[in-house]
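There are 2 protein chains.
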Amino acid sequence: MTALTDRPTQGRLLLIPNTLDLGSVPEGQPLPDLQAVLPLGALQVAARLQHWVTENAKTTRAFLKRVDAVTPLQTPLQQQHIEVLPRPPKGGGTQTPTAPAVWNNLLAPALAGHDLGLISEAGLPGVADPGAGLVLAAHRAGIAVVPISGPSSLVLALAGSGLNGQSFAFVGYLPTDGAARTQRIRDLEQTSRKLQQTQLVIETPYRNAALAQALVQTLSPQTLLTIACGLTLEAGWCRTLPASDWRRQNLSLPDHIPAIFAWLAA
Amino acid sequence: MTALTDRPTQGRLLLIPNTLDLGSVPEGQPLPDLQAVLPLGALQVAARLQHWVTENAKTTRAFLKRVDAVTPLQTPLQQQHIEVLPRPPKGGGTQTPTAPAVWNNLLAPALAGHDLGLISEAGLPGVADPGAGLVLAAHRAGIAVVPISGPSSLVLALAGSGLNGQSFAFVGYLPTDGAARTQRIRDLEQTSRKLQQTQLVIETPYRNAALAQALVQTLSPQTLLTIACGLTLEAGWCRTLPASDWRRQNLSLPDHIPAIFAWLAA
Numbered sequence: 001m002t003a004l005t006d007r008p009t010q011g012r013l014l015l016i017p018n019t020l021d022l023g024s025v026p027e028g029q030p031l032p033d034l035q036a037v038l039p040l041g042a043l044q045v046a047a048r049l050q051h052w053v054t055e056n057a058k059t060t061r062a063f064l065k066r067v068d069a070v071t072p073l074q075t076p077l078q079q080q081h082i083e084v085l086p087r088p089p090k091g092g093g094t095q096t097p098t099a100p101a102v103w104n105n106l107l108a109p110a111l112a113g114h115d116l117g118l119i120s121e122a123g124l125p126g127v128a129d130p131g132a133g134l135v136l137a138a139h140r141a142g143i144a145v146v147p148i149s150g151p152s153s154l155v156l157a158l159a160g161s162g163l164n165g166q167s168f169a170f171v172g173y174l175p176t177d178g179a180a181r182t183q184r185i186r187d188l189e190q191t192s193r194k195l196q197q198t199q200l201v202i203e204t205p206y207r208n209a210a211l212a213q214a215l216v217q218t219l220s221p222q223t224l225l226t227i228a229c230g231l232t233l234e235a236g237w238c239r240t241l242p243a244s245d246w247r248r249q250n251l252s253l254p255d256h257i258p259a260i261f262a263w264l265a266a
Numbered sequence: 267m268t269a270l271t272d273r274p275t276q277g278r279l280l281l282i283p284n285t286l287d288l289g290s291v292p293e294g295q296p297l298p299d300l301q302a303v304l305p306l307g308a309l310q311v312a313a314r315l316q317h318w319v320t321e322n323a324k325t326t327r328a329f330l331k332r333v334d335a336v337t338p339l340q341t342p343l344q345q346q347h348i349e350v351l352p353r354p355p356k357g358g359g360t361q362t363p364t365a366p367a368v369w370n371n372l373l374a375p376a377l378a379g380h381d382l383g384l385i386s387e388a389g390l391p392g393v394a395d396p397g398a399g400l401v402l403a404a405h406r407a408g409i410a411v412v413p414i415s416g417p418s419s420l421v422l423a424l425a426g427s428g429l430n431g432q433s434f435a436f437v438g439y440l441p442t443d444g445a446a447r448t449q450r451i452r453d454l455e456q457t458s459r460k461l462q463q464t465q466l467v468i469e470t471p472y473r474n475a476a477l478a479q480a481l482v483q484t485l486s487p488q489t490l491l492t493i494a495c496g497l498t499l500e501a502g503w504c505r506t507l508p509a510s511d512w513r514r515q516n517l518s519l520p521d522h523i524p525a526i527f528a529w530l531a532a
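Quick note, the sequences are listed as chains A and L, same order. At position 63 of the first sequence the residue is numbered 63 (our numbering), and the sequence of numbers has no breaks. Plus 266 on top of the position in the second sequence (first one is 1) and you've got our numbering.
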């Protein structure tokens with residue numbers, strides 16, 4: 001008998017993993033089996049929900065259709081409540097200017113007792129992806145947060161790299177301006193050398209080739225560079241070579257498939 | 267018609283994810299369903315293998331028994347070839363003193379044309395876990411490396427934290443000596459403040475409570491501290507609060523369940 005007994009039991013914020021195949025399959029061709037990369041447990045949790053907050057409502061509906069084909073949705077797609085996250089500010093970070101009222105509106109179903117799913121377009125929400133602001137607001141509101149296991153391109157690239165997995169940093173995107181990018185690569189290589197820390201970055205797919213060239217040209221010859229392209233996809237691959245060896249490769253990267261770049265200075 | 271045609275086709279090195287429930291279930295009690303956290307695709311890949319390199323042969327056999335209950339093993343457990351990784355040097359890092367011949371012996375099945383599985387006791391091999399040395403040796407030998415999607419306690423803790431997922435660093439273990447640990451926490455808080463970078467660390471479970479106390483006492487009051495304990499387990503939880511709020515909690519952490527600690531300075 002506490003002062004809280006007249007409050008409805010709160011729902012939880014469930015962080016639902018998505019696949020890594022967004023945009024990788026041409027229109028009209030069959031999508032890969034969800035169960036290749038997502039645990040049945042995650043699909044069962046997703047199939048029970050009827051309230052969602054998402055990066056993109058259209059891709060979330062497409063995801064729910066794929067879930068339904070494995071584990072029928074408890075609430076039909078047409079009756080699902082899907083709200084969209086506010087666009088994050090340029091440059092990322094959690095100090096978004098989003099007003100607390102916006103988060104609390106999005107969290108309303110959980111505050112009213114319903115489990116609420118948070119999902120992004122690929123991988124786990126809040127990891128190199130929007131969603132962290134809502135998760136933090138949930139903690140502030142005392143809502144239980146439950147991350148559900150699924151694929152993460154960062155951690156798959158790190159495992160596949162053979163680089164230091166005891167100390168690593170993900171630093172997001174590099175500058176797109178050539179000179180600024182070169183300087184940033186030099187700084188991050190220095191950090192990697194000093195801390196023996198693997199550095200990981202991502203890039204918008206259409207800039208993959210430009211970033212790969214900049215890395216190959218800028219990094220010291222003996223620095224180990226990993227390129228992980230389209231991990232979990234049929235044509236995905238992951239390769240680690242000294243920068244000097246990459247220079248001798250006829251390097252060609254697709255402009256529509258996400259890639260992760262990682263390096264460790266000798 | 268190249269000079270390589272008389273070489274047998276190489277096998278691949280497949281990085282097989284494990285669950286995060288090692289040691290969490292008392293002897294004699296049923297283990298959680300593998301499919302709660304592992305994709306069917308990962309289990310099917312594991313069930314086709316007959317050559318393994320592992321952190322621990324006993325836990326790998328236990329894993330294969332669990333796989334067999336979902337997807338029958340193509341090669342009976344008694345006929346599986348399971349080799350154990352050399353113990354990593356204290357302090358981690360990829361610059362192990364392991365001789366190349368040791369790695370090449372372990373990679374022999376792949377060089378002879380068989381797919382080879384690498385697995386650790388929990389999560390993904392090579393991520394806060396042994397295995398990176400073998401992966402790097404595989405890249406050096408031109409063996410294709412294929413990381414398979416599965417749970418990672420680090421990435422689940424990060425997603426669940428609501429802290430900055432656009433810039434984060436995992437820095438392994440902190441010193442166990444009190445004064446050195448306090449200094450390291452201060453240094454890492456300074457790094458977090460300067461780069462607005464989430465810092466993540468792990469600890470041996472029996473030291474969880476001591477590390478939590480040190481963090482709560484050392485971090486600035488407004489620094490956000492996440493404790494993620496036993497993620498993916500029934501009793502798992504994940505909570506983010508300002509350090510000053512943690513100080514007012516009657517904080518009790520189990521001494522046998524892995525925890526992840528993360529913080530972001532204001």
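Worth flagging that the hints you see were computed from the coordinates, not collected in a lab. Hints may contain errors.
Claimed, not checked - Covered, in the sense of this in silico footprint (three residues per stretch, anywhere, with C-beta under 8 Å from a C-beta of chain A), are these stretches of chain L:
{"no.": "1", "stretch": "400-413"}
{"no.": "2", "stretch": "442-456"}
{"no.": "3", "stretch": "471-477"}
{"no.": "4", "stretch": "509-522"}
What the hints assert, rightly or not - Taking CB as the label site, the calculated pair distances span:
{"no.": "5", "chain 1": "A", "residue 1": "Arg87", "chain 2": "L", "residue 2": "Gln295", "range": "42 to 48 Å"}
{"no.": "6", "chain 1": "A", "residue 1": "Asp33", "chain 2": "L", "residue 2": "Pro342", "range": "37 to 43 Å"}
{"no.": "7", "chain 1": "L", "residue 1": "Val291", "chain 2": "A", "residue 2": "Gln78", "range": "50 to 56 Å"}
{"no.": "8", "chain 1": "A", "residue 1": "Val84", "chain 2": "L", "residue 2": "Ala501", "range": "47 to 53 Å"}
{"no.": "9", "chain 1": "A", "residue 1": "Ala62", "chain 2": "L", "residue 2": "Ala335", "range": "43 to 49 Å"}
{"no.": "10", "chain 1": "A", "residue 1": "Val25", "chain 2": "L", "residue 2": "Ala367", "range": "50 to 56 Å"}
{"no.": "11", "chain 1": "A", "residue 1": "Gln222", "chain 2": "L", "residue 2": "Leu297", "range": "43 to 49 Å"}
{"no.": "12", "chain 1": "L", "residue 1": "Ala407", "chain 2": "A", "residue 2": "Gln79", "range": "51 to 57 Å"}
{"no.": "13", "chain 1": "A", "residue 1": "Asp33", "chain 2": "L", "residue 2": "Ala323", "range": "29 to 35 Å"}
{"no.": "14", "chain 1": "L", "residue 1": "Lys324", "chain 2": "A", "residue 2": "Pro30", "range": "36 to 42 Å"}
{"no.": "15", "chain 1": "L", "residue 1": "Arg278", "chain 2": "A", "residue 2": "Pro30", "range": "36 to 42 Å"}
{"no.": "16", "chain 1": "L", "residue 1": "Glu500", "chain 2": "A", "residue 2": "Gln222", "range": "34 to 40 Å"}
{"no.": "17", "chain 1": "A", "residue 1": "Arg48", "chain 2": "L", "residue 2": "Pro296", "range": "47 to 53 Å"}
No residue lacks a Cβ here, since even glycine has one placed at the ideal position from N, Cα and C.
So which hints don't hold here, by number, going up? When the structure is compared with the hints, numbers 2, 3, 4, 6, 7, 8, 9, 10, 15, 16 and 17 turn out to be violated.
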